[in-house]
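My request is simple: use the sequences and hints to build the entire structure.
For reference, the chains in residue letters:
Protein chains: 2
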Amino acid sequence: MSLIVQKYGGTSVGSAERVKNVARRVARWKAKGHQLVVVVSAMAGETNRLIALAREVQPHPDPRELDVMVSTGEQVTIALLAMALMDMGVRARSYTGGQLRILTDSAHTKARIVSIDESRIRRDLADDCVVVVAGFQGVNEKGDITTLGRGGSDTTGVALAAALGADECQIYTDVDGVYTTDPRIVPEARRLKTITFEEMLEMASLGSKVLQIRSVELAGKYRVPLRVLSSFEEESEGTLITFEEDQNMEQATISGIAFNRDEAKVTILGVPDRPGIAYQILGPIGDANIDVDMIVQNVSHDGLTDFSFTVNRADYHKTLKLLEPVVKHIKARGVEGGDKIAKVSVVGVGMRSHAGIASSAFRTLAEEGINIEMISTSEIKISIVINEKYMELAVRALHKAFGLEQPT
Amino acid sequence: MSLIVQKYGGTSVGSAERVKNVARRVARWKAKGHQLVVVVSAMAGETNRLIALAREVQPHPDPRELDVMVSTGEQVTIALLAMALMDMGVRARSYTGGQLRILTDSAHTKARIVSIDESRIRRDLADDCVVVVAGFQGVNEKGDITTLGRGGSDTTGVALAAALGADECQIYTDVDGVYTTDPRIVPEARRLKTITFEEMLEMASLGSKVLQIRSVELAGKYRVPLRVLSSFEEESEGTLITFEEDQNMEQATISGIAFNRDEAKVTILGVPDRPGIAYQILGPIGDANIDVDMIVQNVSHDGLTDFSFTVNRADYHKTLKLLEPVVKHIKARGVEGGDKIAKVSVVGVGMRSHAGIASSAFRTLAEEGINIEMISTSEIKISIVINEKYMELAVRALHKAFGLEQPT
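Taken in order, these protein sequences are the chains called S and D. Here the working numbering is used: the first residue of the first sequence is 3, the next is one more, and so on. Here the working numbering is used: the first residue of the second sequence is 3, the next is one more, and so on.
Keep in mind that the hints were calculated from the coordinates and are not lab data. Predicted model only: the values in this text are computed from it and were never measured. Be aware that one or more of the hints could be misleading.
As the list makes no split between identical chains, a pair holds if one copy fits it or if it spans any two.
Each computed SDA-like pair below joins lysine to any residue, with the alpha-carbon atoms no more than 20 Å apart [as the list claims (entries may be wrong)]:
id: 1; residue 1: 144; residue 2: 124
id: 2; residue 1: 144; residue 2: 93
id: 3; residue 1: 195; residue 2: 280
id: 4; residue 1: 144; residue 2: 127
id: 5; residue 1: 195; residue 2: 244
Written as structure tokens, this is what we have:
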């Protein structure tokens, strides 16, 4: 008998019929003799509906009150799922975040979990109940309702699994696992049976939106075995995220090709190469709450260098405007950039010990006549910025070059 | 400076626009220097929508889970109203029943309030906040969410006013007070400036559905001054429900004419007049959860009497069926009844000291040629059952006979 935490997203519980489907799946796991804690999101579309309603009344809704409001979305779903389970003869009991004292800080709409009182869950599990928990929400010390921000239900699932010492945390989504790359671009893309925690972090942050990066980090911190599964396919075992590299010893060097076309690049030309320059450039960007992803600076010539970075495409024009006074102040030559770029990344823990990966990747792109605009690397990934129009070609070529196709 | 509890029903908060209207009204009271606690219901239609959704998943929804679900309706409204107030520059904070520890028993879907922890409200009031509270809901000792049943928001309002020792509890509805009778039947019906608690109880239970009878009882128990007002009209002072009869010394003897056509009458003929007979007749009715309203039994002749009572019209046929074996068992002559009846009641505290009221009422009906089928009286009301088709005529005639018209 295992203790399993399952999490179902908004699409999986998007209608009464789908809630019943989830209940049937939970009931089957229960019938196998497992103890089950099930975390659910709001029905698809409900959170957006509530936010729109709030904005009708207050254009910039008060964060505390917005949390009171949107947290009702999951509260409806937990009751529905508990009812559906009971209708199938399965004992079930639902709880809001507040009822389980999922204690968070007071950062409304983006709170972080501090602790969970799991005593009530343990009592219900001992009582042969399936415990259904509202994802995405908690309470602060004063008892005010908080929410964890978009995708927070994954975080609730992982946090509960950590608090309970669950044997596995299963995240059900609309895909059946983590793939070597997006099958819509490369039909031969292969589902990974396992992926290491670090690889998953890179894949998630690079745009493979299977899991919230925050929940992956939390799983890593508490070493919660995390499995991504499809809520619509029954057969697949999904992808297990592991923490021991040696489990992957015989795996290919490269796990996958991630990509992202939500970014824009900005380059400040002829920057005087002196201490504090990077801060002078990025300070105003950070102050404006614009996230910077890649940062590249090469060696200087004659005391001048070019300083490049990427931002979210939606922040591109704002960024250019913010840099105008900076360029004057630091006496740089000028600023240029482009929002027709894509970032393609080769990810894999095996890369650490294989120096040749980078050159293979560059050769592959050269053979396809694709020009490289920026390069940035970490221990387990190489990210390359190219012209957006070559993105799919680059992904396909790299996927093939590293032998990631389905075995035939 | 007064402490005022206001309660707004589902129609008053039925849209974002209406929530803003309520906020404007609350803001005006606040601007006069009063402290305000505002109780709101779910937006009109929301509770029914949620119940329908629950039934899609479980035909007879589990009461505990149904309460988890429907309580979200008020939770949305409290956040909306708090936001609307803040948008007008008024400090506001919202609370669910659970957050205020509105402690109830565990009778899900029809719980009764045990106690309220008002310390948090007092702190917020001292902090110059309008406190917005979800009506209709509480928590039991285990922390499970409970609801108070239909119309429970009125009860929340009165209970809060009692706990806080409020100067007045204002119930905003879609009518601007209690009338001498229904203005749709008698256009000359007059709004009462005051009505005594006992009269209100009779009016409410007799079908003047302005207030939940339960909230009126609670107001009586704690002597909470209760005012019924329109949420759509600004000018009217509504009707104040008072507890001191002498405030009404100069009022007319009769306060109003109530009526009800939701009932059916049943008569058991030739009942042997011996102890225990009434119980033998009504026992099976009560066991079947059928509410009995009027009960009439007259003196017997030759050891036989007729025993009559009224039930809700929806229970009429079930009642007849239940009585078949009873009639045989007690050896009565038979059973008869009718569901084309109406009950018209003359209500007023002044009746206690005016023996002539009853005869005036009977004479009025006689003059209109209306036959009386049953009569039942209490200290402050006379109820008369007549043929349904004469109901409006009877109400108009009695309203006129007791001089209840608008002063011209």
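Results for each hint:
{"no.": "1", "hint": "144 - 124", "in the structure": "between (25 Å within a copy, 15 Å between copies)"}
{"no.": "2", "hint": "144 - 93", "in the structure": "between (32 Å within a copy, 18 Å between copies)"}
{"no.": "3", "hint": "195 - 280", "in the structure": "neither (41 Å within a copy, 75 Å between copies)"}
{"no.": "4", "hint": "144 - 127", "in the structure": "between (28 Å within a copy, 16 Å between copies)"}
{"no.": "5", "hint": "195 - 244", "in the structure": "within (10 Å within a copy, 74 Å between copies)"}
When held up to the earlier numbered hints, the structure conflicts with hint 3 and nothing else.
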